[in-house]
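Trainee: Listed here are the chains, written in short residue letters.
Number of protein chains: 6
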Amino acid sequence: MKKVVTLGEIMLRLSTQTGELLNQANALSVHYGGAEANVAVSLAHFGYQAYFVSKVPVNPLGIAAERHLKSHGVHTEFLLKGGERLGTYYVEAGVGNRSSQVTYDRKYSSFSQLLAEEINIESILEGASLIHITGITLALSPALRELILLIFKKAKEMGVLVSFDFNYRAKLWSQQEASNAIKPLMPYMDICFCGELDAVQLLGIVPADGSLPQEERLKYYYQKIKELYPNIRWFSSTFRTVISATSNRLQGNLFMNEQLYQSKVYQLEPIVERIGGGDSYAAGILRGILEELPARQIISFATAASALKHTIQGDCNSFSKEEVIQFAENESGVITR
Amino acid sequence: MKKVVTLGEIMLRLSTQTGELLNQANALSVHYGGAEANVAVSLAHFGYQAYFVSKVPVNPLGIAAERHLKSHGVHTEFLLKGGERLGTYYVEAGVGNRSSQVTYDRKYSSFSQLLAEEINIESILEGASLIHITGITLALSPALRELILLIFKKAKEMGVLVSFDFNYRAKLWSQQEASNAIKPLMPYMDICFCGELDAVQLLGIVPADGSLPQEERLKYYYQKIKELYPNIRWFSSTFRTVISATSNRLQGNLFMNEQLYQSKVYQLEPIVERIGGGDSYAAGILRGILEELPARQIISFATAASALKHTIQGDCNSFSKEEVIQFAENESGVITR
Amino acid sequence: MKKVVTLGEIMLRLSTQTGELLNQANALSVHYGGAEANVAVSLAHFGYQAYFVSKVPVNPLGIAAERHLKSHGVHTEFLLKGGERLGTYYVEAGVGNRSSQVTYDRKYSSFSQLLAEEINIESILEGASLIHITGITLALSPALRELILLIFKKAKEMGVLVSFDFNYRAKLWSQQEASNAIKPLMPYMDICFCGELDAVQLLGIVPADGSLPQEERLKYYYQKIKELYPNIRWFSSTFRTVISATSNRLQGNLFMNEQLYQSKVYQLEPIVERIGGGDSYAAGILRGILEELPARQIISFATAASALKHTIQGDCNSFSKEEVIQFAENESGVITR
Amino acid sequence: MKKVVTLGEIMLRLSTQTGELLNQANALSVHYGGAEANVAVSLAHFGYQAYFVSKVPVNPLGIAAERHLKSHGVHTEFLLKGGERLGTYYVEAGVGNRSSQVTYDRKYSSFSQLLAEEINIESILEGASLIHITGITLALSPALRELILLIFKKAKEMGVLVSFDFNYRAKLWSQQEASNAIKPLMPYMDICFCGELDAVQLLGIVPADGSLPQEERLKYYYQKIKELYPNIRWFSSTFRTVISATSNRLQGNLFMNEQLYQSKVYQLEPIVERIGGGDSYAAGILRGILEELPARQIISFATAASALKHTIQGDCNSFSKEEVIQFAENESGVITR
Amino acid sequence: MKKVVTLGEIMLRLSTQTGELLNQANALSVHYGGAEANVAVSLAHFGYQAYFVSKVPVNPLGIAAERHLKSHGVHTEFLLKGGERLGTYYVEAGVGNRSSQVTYDRKYSSFSQLLAEEINIESILEGASLIHITGITLALSPALRELILLIFKKAKEMGVLVSFDFNYRAKLWSQQEASNAIKPLMPYMDICFCGELDAVQLLGIVPADGSLPQEERLKYYYQKIKELYPNIRWFSSTFRTVISATSNRLQGNLFMNEQLYQSKVYQLEPIVERIGGGDSYAAGILRGILEELPARQIISFATAASALKHTIQGDCNSFSKEEVIQFAENESGVITR
Amino acid sequence: MKKVVTLGEIMLRLSTQTGELLNQANALSVHYGGAEANVAVSLAHFGYQAYFVSKVPVNPLGIAAERHLKSHGVHTEFLLKGGERLGTYYVEAGVGNRSSQVTYDRKYSSFSQLLAEEINIESILEGASLIHITGITLALSPALRELILLIFKKAKEMGVLVSFDFNYRAKLWSQQEASNAIKPLMPYMDICFCGELDAVQLLGIVPADGSLPQEERLKYYYQKIKELYPNIRWFSSTFRTVISATSNRLQGNLFMNEQLYQSKVYQLEPIVERIGGGDSYAAGILRGILEELPARQIISFATAASALKHTIQGDCNSFSKEEVIQFAENESGVITR
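Residue numbers (full-length UniProt numbering), protein chains in the order written: chain R, 1 to 337; chain X, 1 to 337; chain S, 1 to 337; chain E, 1 to 337; chain A, 1 to 337; chain C, 1 to 337.
Among the clues, some could well be false.
No distinction is drawn between identical chains; accordingly, a pair holds when it is met within one copy or between any pair of copies.
[Stated by the list, open to error] Here are the simulated SDA-like cross-link-like pairs (lysine to any residue), alpha carbons at most 20 Å apart as the crow flies:
1) K264 x V242
2) K154 x E118
3) K2 x L290
4) K154 x I119
5) K171 x Q326
6) K171 x N59
7) K81 x K321
8) K183 x N231
9) K2 x T76
10) K2 x H75
11) K107 x G82
12) K219 x N231
13) K171 x P60
14) K154 x E117
Quick caveat, the hints were computed from the structure, so don't treat them as lab data.
Please model the entire structure based on the sequences and the hints provided.
Mentor: The structure is reproduced here in structure tokens:
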């Protein structure tokens, strides 16, 4: 079993029931998750030795977050304990044409106040095949930006695959800040999850001709980025058409060997839970790359994993590799009995 | 903050869970609502001093109904206490092609036995900008019909805008009874919520040519009614296409200044709760009129308020003016984070 | 009230909530049901003296299963007590493009170990108009196969209508086993529920020309089977198009008097619970035959009963004859109040 | 199996969760029950053919009430359908030193408006061993008082045992009204459930010397009543010491053959549900009398049945005769595994 | 109706179910409360115009906190909007000999960062009869300490009664800090809630002779404090004996006119919710003082209000004055029906 | 961290809510547990590398059972996959004087059909400090008895401490069977959990003088067993006084170095969940022995761990060593805030 490492924040999520606003709720559902934590969970279910690096407070919420990770088989040896609080956020789940609303209460969290020197970079990368981080982590503090740069450099040295997901969140930082933080990391990446908006707004690529089909535009952006950062071997993203909060269409894109590969288009309806859909997708791509699968298999697997995730509650995918493959081949809705 | 007044019954609603019949239920959800009460709640959330006039029994259910109103900021100074019982109704929520079933148990309620002399009409109208009442209230007793007539006359004298929603309920009275009760009120109305069926069946307007488009027919009816009652300055209604109990299409209509204005068509799917959708719409129209907005803004706001209501549980809309406007401009289902 | 008899297994069903897998669940919903038990329940609600013949253990689960039957008015005089356990199964309800997953834990159940001699065949058939059994019962043991053959023979002698539903379940037995068990029963049937796959795979009918429309193919199969078993007067089945686990299309087919009659096509969306949909349909057909209704009424009633079942939780239909008829005539989703 | 008959009202009960007031509740638990209905349920579980005579409305609540009865094996052939509504009541369950609060909403119920002529007295008593009625039924209307008198007279003629439970409820009628209604029934009773307060306040017995022990006083009252109505062969009641809403002590008393027999004293703590405790006791006494058991066995069984009832939710006892006997012999709290 | 004012923090409370730890919970109950907010709620239910002064963030949680206050009739005109977050805390409810555990997450809350200049002291005190504040508010920031001092001084000037509850929380500050903050406020108080530990540890009173009975010791402390601060006319506190988290004994103490008055001792068992018990008590004392009741009535009412609070969920008492009086006179646990 | 190993069955437990019987339940709580699994969980929380050896089926319930173990940090490398089913049992939780009722459905489980050769004994014991097994495992099959004997012998050889808990269950086997199975294991034990009844009924020790105090009798039995099996260095058991299902008294006993040590007596009231109380105790004893603590500390810690367990839901203790110690020192019920 290969070792894979992700680093980021794990948060407590408190959500209302469908059709209920926070001011109506007298109970909230409890989940734990975060972009990188969710990727670690998926990779653990796909059969990897997944390690999650983070920091949680020494209180019952920190214990609960760790227990969540362990229940999915994620290794928590690098989960630091300390700091003031566990990042928290509240979700009023959208339905129909009302969108989900996220209320963040994550400032001053233990992880956001992590110092670079608390992490022993060599030991977390020791023996690892891959390290994965997202833009959310960069948004949290200058110290984290500095830490990630150090990690990426060391990973490069040690021959560990470097994966980065832009995951831009307008509620956390400005495009300018994001751009400044991400650009210095680009030369170290092997795998890059980003889309059209990221290319234009964060990397400053000249916009493609708007009359081109969506996939042509995406191809153009990936080629342009690759010209700047030839170290990047895989680019990936999804096309998501939002019909309503309950109904989406989803297609995966993978650019490798100078070619764009696309999955089938999934009709996601009804959506049980959209949160974590992107992380599940990223984990699927990473698994395909680690297994050195052909491009079509990688993108088919990753998009199926994401589609499947939309049908269950919680932030993370607990389907095994086999279940995803079976679903990818035979998605239907027919009862098995 | 302008004072607005509504008068009607507030009831206890007991509903089954989705996909459950009353004979399967071992718990029922509790809500409090009623057409006029719901309008008061919406107007309170839109920033008005909303007063609700009614009567509830001196028991824990009466207290709970009052508490519901207060929690939404509705003033309860004119909520009388006494009588025998709180009107109650049971809802088996429809789903797909099975309709919702309402079982009324509202007879002998405190409000339905209210006497005209219990209400100090001058004091409730004192300083008010608007009074709103629906046909449901008229259906409950001759005494209430008499009371409403007195109120409408006095409102006219005092320069208070008079709004009336036909809200015809076949389970409560016959078309003939409704017609007899509503016609005498027509000369006092400024704002009238009614549709094609109301025009033909309750006001006796000669049916329009059935081959005309729906909006042409509606325009014809409003013009005809206005010929009879030139005092009415605003007519409004919705076109609702019922695809299933879970999926509707909704469009708002406003007739003013001799013109029919229509909102965009909302696709409501899935519908979390349809009850209160019309009241939310009416409150939206009233807010637009009170704010003296242009017709297009009135109808856009009102229909958005109604669409939004369909995505939450409970009888009433607790969205603020700002939230409705934002939704009207940008309804999508895209998660905000 | 006519007496009708069904015989089969009643099981405990434990299901997760929507969007939840078994490994996420900390509570499971409890239902009791089984193909023949569900048919008995429907027939009781349609106004028959329905008797259910089975065997349950002497423990609280056996008591609960009996209580379930009684609450729906099914007679339990022929419900034997004894054996080791109540058959159980777990359902992870499907949603969208993820199918429902059934995990059976029914081996060694009291019913599956029933011996033919435990049943007094004459007494259960005494005065009955109809006996109904499905292929699931045959799949459970050789002893049950032998018992059913004896019952069918005796029913024929006593002039009791014999109804059989193929209900093939790949998780329980092979096609060959099913074929061997069902063929000897064919000469005793009056009513036969089977479809294209059953005809080809279990009865060995030569496949129809695949380019023919679906209904023509079905007609061909029914004619072919009737050539072999002229005793069968009614054939029936449904066409179900699975768009997703949440959205299906359903149409009923009835072949009698050498003609194929088809119901309207129901759009089932969203589906609250699919389990029991077929049993509800079968009960509808049986009621129509017992009432000697015209073919169109039979098929319209049965398909409506099945459509209605999809909108409620639990294995069985608790709608009355009148409610089904009203729905069949006026299915819409419009709220009644 | 002997036939037994009870007649009374069955109501919908809506209760809050422990520690919750009605004005805090957003869901209410649903139960169906009533004094005589509960006795019928217990007797059905003890192995009798129990018939419950009443009237419920033709709506989903009436159906649900009937289904409740059937699920416990009570025969509903004499359950009339019609009238305006199902009697309803709300319970805020007490806890510790806060008492339960009952809010009745039972006026105008179908049963309370039942007319004597709707009941075919001969047919309900045909073949019965016992008829049981309580004072609550008398409190509901003059027509019901008249009906009960007719029933008691006919029962006497037909040799059916007549049982009456005073069950005085101050919220329903005055002591004077109760006294006037009950006295004419006394000459027809064989079994009478009443206590010290009933004897003094409703039957006008001269109070016993207050310094006597409680059981001596009770014996005195029973002797005095028997002097007036020598037809009564069994008297019974319980001594209940209320430490708090959660903790009671309970002892059963049976007076027969000129002697007072007392059960052991049960410590009931915590009490899950007190409602129905008395009905469960009465059913236990009736079963003992019908079985012609020795006095000590009667009173031991009845008090155990009542104690057991306090440990489960809902209005009625669903324990079998065997379970009650086992509990009576071996009450402990030790887990069996 | 007299105007009363309280000022403090209102927080979101998230609690586990009974017998569940945070690391086991997948749903949390939602309540809103805080010492001063709870007192305001109680006083509103007792019939006062209660105003609550605080600051909440502009997000759905701030809205929900305000809605909670309004639903209890508390005026929110002085509830400021702004800042970063709503103070939050988590409760693992204790049971038996396991204590409740509180996990605070209240740092950086909007209220804790309130500046003195944000409050218009004159306008909040205008026309008020009483202002009530607790030590928790002082613990939150120097700015709040300064603000409270200004408020107390101004209240004195304006003839508003000043009430202060020590409410010492070791998790928020040290005894030394508390002492430094509270002492300067003492000369302005009219009503002071404090106990033996407060007197010794925070006010530096020489400890009483430990062999004296508890009430003698308390009297001694109150006399000593009064020597130092003769302005204080009422002292109050409770004696609480903790048998277990589920079972307590409670007695109220009131010192006025140089005498100590004590209530009866309540046995609280089982305790539904202990949080808010002290606030309910304080509100009871304040109501008695405002009504100028005799000492015995004040202490009896306040202790009853607190006992009653322990029997319901949530932070605050929603019983009316009449309900508390009835309970005080007739606490029992006997069901009323 | 020391390695410890337990081997036994892990089952699915389905329980009703408090005050609810199985025939009333429409949802059941889900837990996973078993005597040896629970000990492993406790030891993992106490800081050991705990391994659980067992066999679960390849289905979602097997996955869920494994996930339960992992969430508590138990190593599942030796959890075999295969066989027919997961052992299941149903619990109707007792309350007051009604006992809990356990309905087993564990026959034919994967574990009960485990063959000795499926286990690699050397590898499970490799590097372990302790192996713990209970009598329940022996009861399940002859193959398991044989396996355990081989394991105990090998453990002795390898210097691994051998711990055995009699855990006699009358529903699983007779005293004679148990005696035959356990006696051959005695010579290999280092730690033995047994009580008076075990000594007399299973080991055939001559009964002690019944007039002796309970602790004297226990001492006598332990001395007698030690005479027969001098290899046993530690004996332990609890005295449990069952006042009701809700209220127990518990005291721990430890016999070592020829002396009997007893813990304080805990009053357990109310009991949230009794299941797993004994396993929690056993784990506490084992931890004390492994840490080579003084006898008084061992018994104090173990009994506190068990008392704490009774206050939470689920089969197993998730308190850390520190939490247990803090509770042992300071059990009270006082809220910490």
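Trainee: Hints first: check each against the structure and report whether it holds.
Mentor: To see whether the hints hold, each was checked on the structure:
1. Taking identical chains as interchangeable, the C-alpha atoms of K264 and V242 lie at most 20 Å apart whether they share a chain (17 Å) or sit on different chains (19 Å).
2. Taking the closest pair of Cα atoms, K154 and E118 come within 20 Å of each other only inside a single copy of the chain (16 Å); across copies the shortest separation is 45 Å, beyond that limit.
3. Proximity of K2 and L290 under a CA criterion of 20 Å is satisfied intra-copy only: 9 Å inside one chain copy versus 35 Å between copies.
4. When the C-alpha separation of K154 and I119 is checked against a cutoff of 20 Å, the pair qualifies only within one copy, where the shortest distance is 13 Å, while the shortest distance between copies is 43 Å.
5. Taking the closest pair of Cα atoms, K171 and Q326 come within 20 Å of each other only across two copies (17 Å); inside a single copy the shortest separation is 37 Å, beyond that limit.
6. In this homomeric assembly, K171 and N59 come within 20 Å of each other (Cα to Cα) only across copies, at 14 Å, whereas the closest approach inside a single copy is 27 Å.
7. Taking identical chains as interchangeable, the C-alpha atoms of K81 and K321 lie at most 20 Å apart only when they sit on different chains, with a minimum of 17 Å there against 32 Å within one chain.
8. Taking identical chains as interchangeable, the C-alpha atoms of K183 and N231 lie at most 20 Å apart only when both belong to the same chain, with a minimum of 13 Å there against 67 Å between chains.
9. For a Cα distance limit of 20 Å, the shortest separation of K2 from T76 qualifies both inside one copy, at 16 Å, and across copies, at 19 Å.
10. With identical chains, the CA atoms of K2 and H75 are at most 20 Å apart both within one copy (13 Å) and between copies (19 Å).
11. Taking identical chains as interchangeable, the C-alpha atoms of K107 and G82 lie at most 20 Å apart whether they share a chain (15 Å) or sit on different chains (16 Å).
12. Taking CA atoms no more than 20 Å apart as the test, K219 paired with N231 passes inside one copy only; the shortest distance there is 17 Å, against 64 Å between copies.
13. Proximity of K171 to P60 under the C-alpha cut-off of 20 Å is restricted to the inter-copy arrangement: shortest distance 16 Å between copies versus 28 Å within a copy.
14. Taking the shortest alpha-carbon separations for K154 and E117, only the intra-copy value of 14 Å comes in at or below 20 Å, while the best inter-copy value is 48 Å.
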